[in-house]
Amino acid sequence: MATRTENTVTINQPAEKVHKAFTTQEYWAYIAEHLSPEPGEVNEFNQADGGAAVTLFEVLPLEVLPEAVRAMISQALKVKRVINVSALADGAASIDYNADVKGTPVDFKGTIGLAGDDVSTTLVYNNEVSVNIPFMGPAIEPKVADA
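Heads up: the sequence shown begins at 0 in numbering that gives the first Met the number 0, then just goes up one per residue.
Hints in this document: simulated from the structure, not taken from any laboratory.
Warning: the hint list may mix true and false statements.
Stated by the list, open to error - 25 Å max Cα-Cα, derived DSS-like pairs, lysine-lysine:
| no. | residue 1 | residue 2 |
| --- | --- | --- |
| 1 | K79 | K108 |
| 2 | K101 | K79 |
| 3 | K101 | K77 |
| 4 | K108 | K19 |
| 5 | K79 | K19 |
| 6 | K108 | K77 |
To be verified - Pairwise CB distance ranges (calculated):
| no. | residue 1 | residue 2 | range |
| --- | --- | --- | --- |
| 7 | Q74 | P13 | 36 to 44 Å |
| 8 | A70 | G49 | 40 to 48 Å |
| 9 | E43 | E66 | 29 to 37 Å |
| 10 | Y124 | P60 | 21 to 29 Å |
| 11 | M71 | V118 | 43 to 51 Å |
| 12 | I10 | A88 | 17 to 25 Å |
| 13 | A1 | S119 | 27 to 35 Å |
| 14 | H33 | K101 | 20 to 28 Å |
| 15 | D48 | S73 | 38 to 46 Å |
| 16 | E66 | S119 | 34 to 42 Å |
| 17 | P13 | G102 | 38 to 46 Å |
| 18 | K19 | M71 | 34 to 42 Å |
We treat Cβ as the ideally placed atom computed from N, Cα and C, and that holds for glycine.
Work out the full structure, taking the sequences as your base and the hints as a guide.
Below, the structure written as structure tokens:
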């Protein structure tokens with residue numbers, strides 16, 4: 000069983016400008032460096048056909064994890080996140096991502112729908128988290144999804 004969440008964000012910037020950020024290495028370097036208390040890195044970045052493919056290596060320190068998760072692990076989590084951004088067409092693009100949390104039974108993946116015009120952009124995040132631990136996984140999934 001997986002826990003699914005949906006979040007919607009509106010940015011008061013044109014879709015073209017938001018999409019351009021998602022397809023630049025500088026944007027992802029900033030995200031990797033500032034998303035977690037411990038800086039991560041852009042391991043790979045490729046632009047192609049108006050989109051981008053990105054691989055981030057990130058570290059999630061224990062203090063940002065839910066207490067139920069901290070009880071089961073003894074060190075920071077190492078995350079490999081792969082993001083694929085499609086080209087912008089008619090003010091819309093899709094972004095998919097998958098995260099591999101090294102040494103854990105956690106699967107994290109999702110999509111972002113980007114749609115907008117010359118004034119604003121809406122991002123619709125659909126996330127899916129699975130914790131594959133018998134009996135406990137479904138109880139922990141919502142806490143992991145919130146982290």
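Now for the hints, and whether the structure bears them out:
Our distance criterion of 25 Å between C-alpha atoms is met by K79 and K108, whose separation comes to about 12 Å. A distance of roughly 8 Å separates the Cα atoms of K101 and K79; the hinted pair therefore holds under the 25 Å criterion. For the given pair, K101 sits about 6 Å from K77 by alpha-carbon distance, which is consistent with the 25 Å threshold. For the hint linking K108 to K19, the alpha-carbon distance of about 22 Å falls within 25 Å, and the restraint holds.
Straight-line distance between C-alpha atoms of K79 and K19 comes to about 23 Å, which keeps the hinted pair within the 25 Å bound. For the given pair, K108 sits about 16 Å from K77 by alpha-carbon distance, which is consistent with the 25 Å threshold. For the pair Q74 and P13, the beta carbons lie near 43 Å from each other, so the given range of 36 to 44 Å is met. Evaluation of the 40 to 48 Å hint for A70 and G49 yields a pass: the beta carbon distance comes to about 45 Å.
For E43 and E66, the Cβ-Cβ distance of about 34 Å falls inside the hinted range of 29 to 37 Å, so the restraint holds. Between Y124 and P60, the C-beta spacing of about 23 Å keeps the proposed range 21 to 29 Å intact. Checked against the hint of 43 to 51 Å, the pair M71 and V118 passes, with Cβ atoms roughly 46 Å apart. Checked against the hint of 17 to 25 Å, the C-beta distance between I10 and A88 comes to roughly 19 Å, which is consistent with it.
At about 31 Å, the CB distance of A1 to S119 agrees with the hint of 27 to 35 Å. For H33 paired with K101, a C-beta distance near 21 Å keeps the hint of 20 to 28 Å intact. About 43 Å separates the C-beta atoms of D48 and S73, a value consistent with the hinted range of 38 to 46 Å. The beta-carbon spacing between E66 and S119, approximately 38 Å, falls within the hinted interval of 34 to 42 Å.
Taken as a hint, the range 38 to 46 Å holds for the pair P13 and G102, whose Cβ atoms sit roughly 41 Å apart. Distance hint check for K19 and M71: the Cβ-Cβ separation is about 41 Å, which falls inside the suggested range of 34 to 42 Å.
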